[in-house]
Each structure stands twice: as structure tokens, then as C-alpha cells.
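Colleague: Given the coordinates of chain E, work out where chain V should sit on it, guided by the hints.
2 protein chains.
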Amino acid sequence: MKRSDRLVAMTNYLIEHPMELVSLPFFSTTYSAAKSSVSEDLAIVNKMFQQEGIGYLESISGAAGGVKYIPTYSNENSEVFVSNLCNRLEDPGRLLPGGYLFMSDLLGDPQMVRNIGRLFATAFSSKDIDVVVTVATKGIPLAYAVASFLNVPVVIVRRDPKVTEGSTVSINYVSGSSRKIQTMVLPKRSLNEGAKVCIIDDFMKAGGTINGIKNLLKEFNAKVAGIGVLVEAEDEEEDRVVDQYVSLIKINNVDVKNNHIEVKKGNFLNE
Amino acid sequence: MKRSDRLVAMTNYLIEHPMELVSLPFFSTTYSAAKSSVSEDLAIVNKMFQQEGIGYLESISGAAGGVKYIPTYSNENSEVFVSNLCNRLEDPGRLLPGGYLFMSDLLGDPQMVRNIGRLFATAFSSKDIDVVVTVATKGIPLAYAVASFLNVPVVIVRRDPKVTEGSTVSINYVSGSSRKIQTMVLPKRSLNEGAKVCIIDDFMKAGGTINGIKNLLKEFNAKVAGIGVLVEAEDEEEDRVVDQYVSLIKINNVDVKNNHIEVKKGNFLNE
Numbered sequence: 001m002k003r004s005d006r007l008v009a010m011t012n013y014l015i016e017h018p019m020e021l022v023s024l025p026f027f028s029t030t031y032s033a034a035k036s037s038v039s040e041d042l043a044i045v046n047k048m049f050q051q052e053g054i055g056y057l058e059s060i061s062g063a064a065g066g067v068k069y070i071p072t073y074s075n076e077n078s079e080v081f082v083s084n085l086c087n088r089l090e091d092p093g094r095l096l097p098g099g100y101l102f103m104s105d106l107l108g109d110p111q112m113v114r115n116i117g118r119l120f121a122t123a124f125s126s127k128d129i130d131v132v133v134t135v136a137t138k139g140i141p142l143a144y145a146v147a148s149f150l151n152v153p154v155v156i157v158r159r160d161p162k163v164t165e166g167s168t169v170s171i172n173y174v175s176g177s178s179r180k181i182q183t184m185v186l187p188k189r190s191l192n193e194g195a196k197v198c199i200i201d202d203f204m205k206a207g208g209t210i211n212g213i214k215n216l217l218k219e220f221n222a223k224v225a226g227i228g229v230l231v232e233a234e235d236e237e238e239d240r241v242v243d244q245y246v247s248l249i250k251i252n253n254v255d256v257k258n259n260h261i262e263v264k265k266g267n268f269l270n271e
Numbered sequence: 001m002k003r004s005d006r007l008v009a010m011t012n013y014l015i016e017h018p019m020e021l022v023s024l025p026f027f028s029t030t031y032s033a034a035k036s037s038v039s040e041d042l043a044i045v046n047k048m049f050q051q052e053g054i055g056y057l058e059s060i061s062g063a064a065g066g067v068k069y070i071p072t073y074s075n076e077n078s079e080v081f082v083s084n085l086c087n088r089l090e091d092p093g094r095l096l097p098g099g100y101l102f103m104s105d106l107l108g109d110p111q112m113v114r115n116i117g118r119l120f121a122t123a124f125s126s127k128d129i130d131v132v133v134t135v136a137t138k139g140i141p142l143a144y145a146v147a148s149f150l151n152v153p154v155v156i157v158r159r160d161p162k163v164t165e166g167s168t169v170s171i172n173y174v175s176g177s178s179r180k181i182q183t184m185v186l187p188k189r190s191l192n193e194g195a196k197v198c199i200i201d202d203f204m205k206a207g208g209t210i211n212g213i214k215n216l217l218k219e220f221n222a223k224v225a226g227i228g229v230l231v232e233a234e235d236e237e238e239d240r241v242v243d244q245y246v247s248l249i250k251i252n253n254v255d256v257k258n259n260h261i262e263v264k265k266g267n268f269l270n271e
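Respectively, the protein sequence lines represent chains E and V.
Position 42 (the first sequence) corresponds to 42 in full-length UniProt numbering; numbering is contiguous.
Position 80 (the second sequence) corresponds to 80 in full-length UniProt numbering; numbering is contiguous.
Careful, some of the hints might be misleading.
Below, a list of computed lysine-lysine pairs in the BS3-like style, where the Cα atoms sit at most 27 Å apart [stated by the list, open to error]:
{"hint": "1", "chain 1": "V", "residue 1": "Lys-127", "chain 2": "V", "residue 2": "Lys-2"}
{"hint": "2", "chain 1": "V", "residue 1": "Lys-47", "chain 2": "E", "residue 2": "Lys-2"}
{"hint": "3", "chain 1": "V", "residue 1": "Lys-180", "chain 2": "V", "residue 2": "Lys-127"}
{"hint": "4", "chain 1": "V", "residue 1": "Lys-127", "chain 2": "E", "residue 2": "Lys-162"}
{"hint": "5", "chain 1": "V", "residue 1": "Lys-196", "chain 2": "E", "residue 2": "Lys-47"}
{"hint": "6", "chain 1": "E", "residue 1": "Lys-264", "chain 2": "V", "residue 2": "Lys-162"}
{"hint": "7", "chain 1": "V", "residue 1": "Lys-68", "chain 2": "E", "residue 2": "Lys-47"}
{"hint": "8", "chain 1": "E", "residue 1": "Lys-196", "chain 2": "E", "residue 2": "Lys-214"}
{"hint": "9", "chain 1": "V", "residue 1": "Lys-250", "chain 2": "E", "residue 2": "Lys-162"}
{"hint": "10", "chain 1": "E", "residue 1": "Lys-162", "chain 2": "V", "residue 2": "Lys-264"}
{"hint": "11", "chain 1": "E", "residue 1": "Lys-250", "chain 2": "E", "residue 2": "Lys-264"}
{"hint": "12", "chain 1": "V", "residue 1": "Lys-2", "chain 2": "E", "residue 2": "Lys-2"}
{"hint": "13", "chain 1": "V", "residue 1": "Lys-265", "chain 2": "E", "residue 2": "Lys-162"}
{"hint": "14", "chain 1": "V", "residue 1": "Lys-218", "chain 2": "E", "residue 2": "Lys-214"}
{"hint": "15", "chain 1": "E", "residue 1": "Lys-265", "chain 2": "V", "residue 2": "Lys-162"}
Chain E is nowhere near these chain V residues, computed Cβ spacing over 10 Å in every case [claimed, not checked]:
{"hint": "16", "residue": "Val-45"}
{"hint": "17", "residue": "Phe-49"}
{"hint": "18", "residue": "Ile-171"}
{"hint": "19", "residue": "Tyr-173"}
{"hint": "20", "residue": "Gln-182"}
{"hint": "21", "residue": "Pro-187"}
{"hint": "22", "residue": "Asn-211"}
{"hint": "23", "residue": "Glu-234"}
It is worth saying that the hints were derived from the structure and are not from the lab.
All C-beta atoms in this analysis are idealised placements derived from N, C-alpha and C, irrespective of residue type, glycine included.
The following block holds chain E by itself, in its conformation from the complex (with noise of 0.2 Å):
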């Protein structure tokens, strides 16, 4: 295979399989190249990719090395890409009743998901993550970007147990901003023991619906190894039950009578 084929090849190659460790002789054999050649290949992509801003392919050497696609989005397009996110959710036509934002045509829109999964994938790939968890419904999407990028299973945690999921553990909670009492649920064969998770959502307020989740994973001992948000609400700050976590947007100043919101950029660029 001639060079320009094979470069298209393993650019499609590496894109769909980011963090995994591919070894040089699979390229060599697949794509009938010496490896020498694919050598040659993966600096010409590797180059490019930091070019667009989109990861690096990562080098390990020895018998059992090979190369691996790390998906990190550049500084510079991930504060385009925040700065555009913030000026859309200015829009006081968002704002609903309690303070919340109409966000389901952002989160609807699948370009837009994948590229919030590729920053929060920047912020954990060096995290070891083994397992993404979210809670139904609105983090899902979200999630499982994130999940795409660190090539990592999703898991769903549910108010509510399904017959689809065999036996589940669940856990008692307190909202932190309604005060209630709620209930959560993971099907007993989602996790194992000692898994490291990264913890998705897409709103926090007081935090008490993490909190929750994060109490939930400890009856399956895992560790919370990052907790990102998309948007967190400011105002909430000082009552807040979560502490350690990576936010795109803050709001604050939400003023459901004079149909203001503030927004800006959140805690992921400071990082």
C-alpha cells in the first residue's frame, strides 16, 4: 500500500480507537508496510494531529509497545470552544421556572455532545479512568462522549430500578437544593470492585444528585478518580456538597424576574 493510502487508512484507524495501544507490527501487517514506513506514518500523523489541535499519539517502546491516540483538545480550541458554548446559553429565552436553563437543543445536538465529551476527556485522560457513570436521563449523552474518547464503558445509575437490569444496589439521598429524599439505583453486575470512575453530569447545583452517586459507589467500593459538570450554578457555591470537580460553564445571577442570566466560562480552563 503507497503511503498517502495507508496514511488515510491509519488516521481513520487511530480516530476510532483513541487510548488503546496499537502495535506497530498490526499497522505493518495490515496495511503490508515495513515497519520502518509505518514508523515514518505515525510521525507524519502524530505531527498533524497536534497541528488540529486533537490529541497526540503517544510512543511505547519494548516488545509489548506500539502507539497509542491520546484524544486531548487543544487550549486553544477547547477556549473557542467554551466562549461560543457560553455566548449561546446567554440567551434569557433559556431561562425556566426555578432557575434552570433550557439546554435540550444544545444537548441534542450530537457535534456539540462530542465535542463536551472531548474536553472532559482531556481533563481525565491521564486518570487512569476505567468506568464512566452518569445518572438518567440528560447526563447520558454526555457520558458516553466522554466515555468514546477514553474508550471506556458507560455505566447508568437510575431513580428507578428496571426489570431490564437484573438485580440492583440502591441507595437513599438527599437533594441538596429540593431537600428531599430520593432514591438511586446500579444493577449489581455494572461494576467491579475497585473500578475507577469519572463521574458525568450535565447540571450541578448544590451537588446533593454527585453527592449521591458518589455515596452509591461506595457500596461497590470504586474510586471517584473526577466529577465533571457542564454547567454548575453559582449561586449555589456556598452550599455546595461537592468540592473536587471540572466545570465548562458557571452561571450565575440568575434572575428569573428581570429574565437575566450571567454566564461564564467555567473551572476546565483554570486547570
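Modeller: Chain V alone, transformed into the frame defined by chain E:
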């Protein structure tokens, strides 16, 4: 920029922007290359996408022309994928009360979900879909996967309205298998009049849920241009209230007593 560099960047760009018309001048400017070189690059990309079985580039000529990446999965890739899925589903350990199958592990694997999405997108890529519609919660990841390849938004039907969605339209429907009356809601601002939609869900027994979605969509004057279900239960075929659909997998002879299920390929591969 050199050809080898451009090929990596263009491959990535096209994969991230399926079903989107990209003009030659865009590539020419972005990668500072003559239009004739860009045309040659695209011919290489097109050849390799077909060879890898991941689709092709459609050329649209004229002043408003360009290329569009159509992400259709080859028959060969589809066959392998569906056979593999059948094998994994045949495990009697998956049997749950009521003839349901435990599939959360498969539906929790983002690569698996992405490939399922690719297959449905292949079935519906010529149908000019505006929106992918699904019902919470199991269908959500599949719907996003399909939508990411068709490059259209996702709209989620719920069983209970949420404050974060504004005003909603609701209907009552009769669940096909349990004969219970249930409710479905869709936010008012989620769909434009006359939108062409495809409905995606994970499991179809008698088809009551999908029929309910169809009725709800009528309230929005939406046209259903395609229905895709991951698994259909063949036993229920005679009572089925939905007739035109694409399924990847068929299960029948679900025998909970003897712990046996029969898993076959769905109608997708006959199309």
C-alpha cells in the same frame, strides 16, 4: 502543506463532519493547496474509505458544490458485526424475567454503540432525515450514535415531563405487551412542523412504544421516514402494531424455564 500532511488533516475533518457538504475552496484555503491537489487528495480519501468499508465521498458539482462524506458501512463489515453481536447475545445468562435480555453491558460499550449507530445510519443515509427521535432511556445512546453519523439532532421522548424542558405536548398510549395505558411527552420547542424523523429504540416486542412515538409525532406533523430497533422479539410478530422497520437482531424462543434463547440476524442484512 504537503500531501501527506493534508491527507491526515482532511481524513480527520471528513470523519468529524459526515453528511456535510464541504467546498473545495474550503480545503484549498484551510490547507493552502491548489484545487487540483485537493481533488487528487479527495480521490485518495474516497478510495480508501471504500476500501476500509466506512463509506464514500459524494461529489456535488457546480458553484455550490463540494464533497460530502456518506458514512455507510460495507455489507462485509455489517455481517461481521451482526454475527458477533448475535454470539454475544446468545449467552443464556442474559435471560431476565418477562423474556427480556440483559444488554446493559453491550449498550454500555461506546464502540459497540457507535457501530450500531453506523449500521442504522447506513440504512437511513438516503432518507434525508432531519431528526432522530428516541424514548428515554435505553434508546438514548443508540439515537446519538445514529445522529452523529447522520449529522442531525436528537429529540428524546419522555414518560414524565421535566422542568428543564419547558412546555410539552403529551399523549396516552397502550403498551403493546402489557396492555397498560402510559403517557409520553415531547417538549413543544423540540421539533419543527413537518420534520422528517427516524425513530431509534433498543428493543421492540409488540411495538406499542414505537406506535406511541408515531402518534405523538403526528401532533407535530412530523413524517416518520425510518424506524430502527436493535433487537426485535420474533415471538410477538403476529401481534405487532408496527410493520416497517429495520432490526439488527431477532430473538425468539425465549424459554425462561429451560434457560434458552435463540438469536438470529434481523432484517437489516436482507435490505
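Colleague: Could you work out which earlier hints the structure fails to respect and list their numbers in ascending sequence?
Modeller: 1, 3, 4, 5, 14, 16, 17, 21
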